[in-house]
Amino acid sequence: MKRLMLNAAFAVGVALAALSTPHLALAQASDLRAGREAPLMAEDPKLEARLVDISQELRCLVCQNESLASSHAELADDLRQEVRELIRSGKSDQEIKDFLVSRYGDFVLYRPEVKPLTWVLWFGPFVLLVMAAVFLGMYLRQRRALSAPAALSDEERARAKQLLKG
Amino acid sequence: MKKVLIPLVLFIGLVVFLAIGLKRDPREIPSPLIGKPAPHFTLFTLEPGDAKFSPIDMQGQVWMLNVWATWCVACREEHPVLVAFSEKNQVPIVGLSYKEIQPQDPAYKSPFDEKLKLARERSQVWLKRHGNPYVTSVMDLDGRVGINYGVYGVPETYVIDKAGVIRYKFVGAVTPALLAEKILPLIAELNKS
Numbered sequence: 013m014k015r016l017m018l019n020a021a022f023a024v025g026v027a028l029a030a031l032s033t034p035h036l037a038l039a040q041a042s043d044l045r046a047g048r049e050a051p052l053m054a055e056d057p058k059l060e061a062r063l064v065d066i067s068q069e070l071r072c073l074v075c076q077n078e079s080l081a082s083s084h085a086e087l088a089d090d091l092r093q094e095v096r097e098l099i100r101s102g103k104s105d106q107e108i109k110d111f112l113v114s115r116y117g118d119f120v121l122y123r124p125e126v127k128p129l130t131w132v133l134w135f136g137p138f139v140l141l142v143m144a145a146v147f148l149g150m151y152l153r154q155r156r157a158l159s160a161p162a163a164l165s166d167e168e169r170a171r172a173k174q175l176l177k178g
Numbered sequence: 107m108k109k110v111l112i113p114l115v116l117f118i119g120l121v122v123f124l125a126i127g128l129k130r131d132p133r134e135i136p137s138p139l140i141g142k143p144a145p146h147f148t149l150f151t152l153e154p155g156d157a158k159f160s161p162i163d164m165q166g167q168v169w170m171l172n173v174w175a176t177w178c179v180a181c182r183e184e185h186p187v188l189v190a191f192s193e194k195n196q197v198p199i200v201g202l203s204y205k206e207i208q209p210q211d212p213a214y215k216s217p218f219d220e221k222l223k224l225a226r227e228r229s230q231v232w233l234k235r236h237g238n239p240y241v242t243s244v245m246d247l248d249g250r251v252g253i254n255y256g257v258y259g260v261p262e263t264y265v266i267d268k269a270g271v272i273r274y275k276f277v278g279a280v281t282p283a284l285l286a287e288k289i290l291p292l293i294a295e296l297n298k299s
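Residue numbers (the numbering used here), protein chains in the order written: chain R, 13 to 178; chain G, 107 to 299.
Any given hint could be a false lead.
Below, a sample of chain R positions facing chain G; criterion: calculated Cβ distance under 7 Å [claimed, not checked]:
1. L73
2. D90
3. G117
4. L121
5. R123
Because the hints were derived from the structure by calculation, they are not lab data. Predicted model only: the values in this text are computed from it and were never measured. Idealized CB from N, CA, C, for every residue including glycine.
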């Protein structure tokens, strides 16, 4: 009888332990998540999807070749948080981008607006391409003219004949 | 003869462009806030209690806003320059303590009141040790006012005119040369108008 009770107590103990450990592990995991990274997808998948959409178009100002979506810089975290707030307050994508541009300048946009100031940026490469094509055409024409076989003078022809005879 | 010179001229042109590119600091981003009204905010100040500060409080005078933090290394370099400058009493400098408690700090998740208290304590100690150039310093704990001002690296310094319009922004540690050549002439000019 005593032994049975001991066994039962042991079983209960094991069961309790088994029940409680996963809880512990879960609590730790969520603590870790809360520690460094902002709450992800879980909260509002729609909002997060929009956040990713918007922030992929924005530049992280600290690590300038990364987008706001992929950057781990602290400022990027803060800016994503700011964008989240703006989404929640019902702002459109364009309004959110405008807000960030009004604070950080066109530089935050990976795709700057087309306006006189950015014409060189947008059209410069095409202008260079056209210029290069024109130069190439001119060069090829010139070369063709140069490489056309030149007519030999009578004197040269006579010399060539002599040389060929050996 | 002329043909030989063409590649040389092109090469020199390329070198000039590259040299200019090398000299430029990619971290220097022109601020779109120049010429715009300083964004509004109301924040607790460094002094214990409920005292708050807002840019409107400075209306009618030219002032400087300096973004700083005790964890910021470049601020340590800048600080003696600001302290010496403030002793001349030419312009009031308001500090903006930017995200004093960093995310990796265990206190980051504490309630606001505790964070504020801790941030104030740390800032006070730091200012006592290094000198205090500020007429007051406001506590931007979560960095949102910083975002409104386009802050992306501490220290940053703004010159704001009598009407509350931002006239100048500098990112990085202020040097005596910058003060003498740029900031002081600008302040003198703004004070005249």
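Verification of the hints:
1. L73: 4 Å, holds
2. D90: Constraint on R/D90 satisfied, holds at 5 Å.
3. G117: At 4 Å from the nearest chain G Cβ, R/G117 passes the 7 Å test, so the hint holds.
4. L121: Status violated, d = 12 Å.
5. R123: With a minimum Cβ separation of about 17 Å from chain G (threshold 7 Å), the hint on R/R123 is violated.
Against the hints set out earlier in the document, violations occur for numbers 4, 5.
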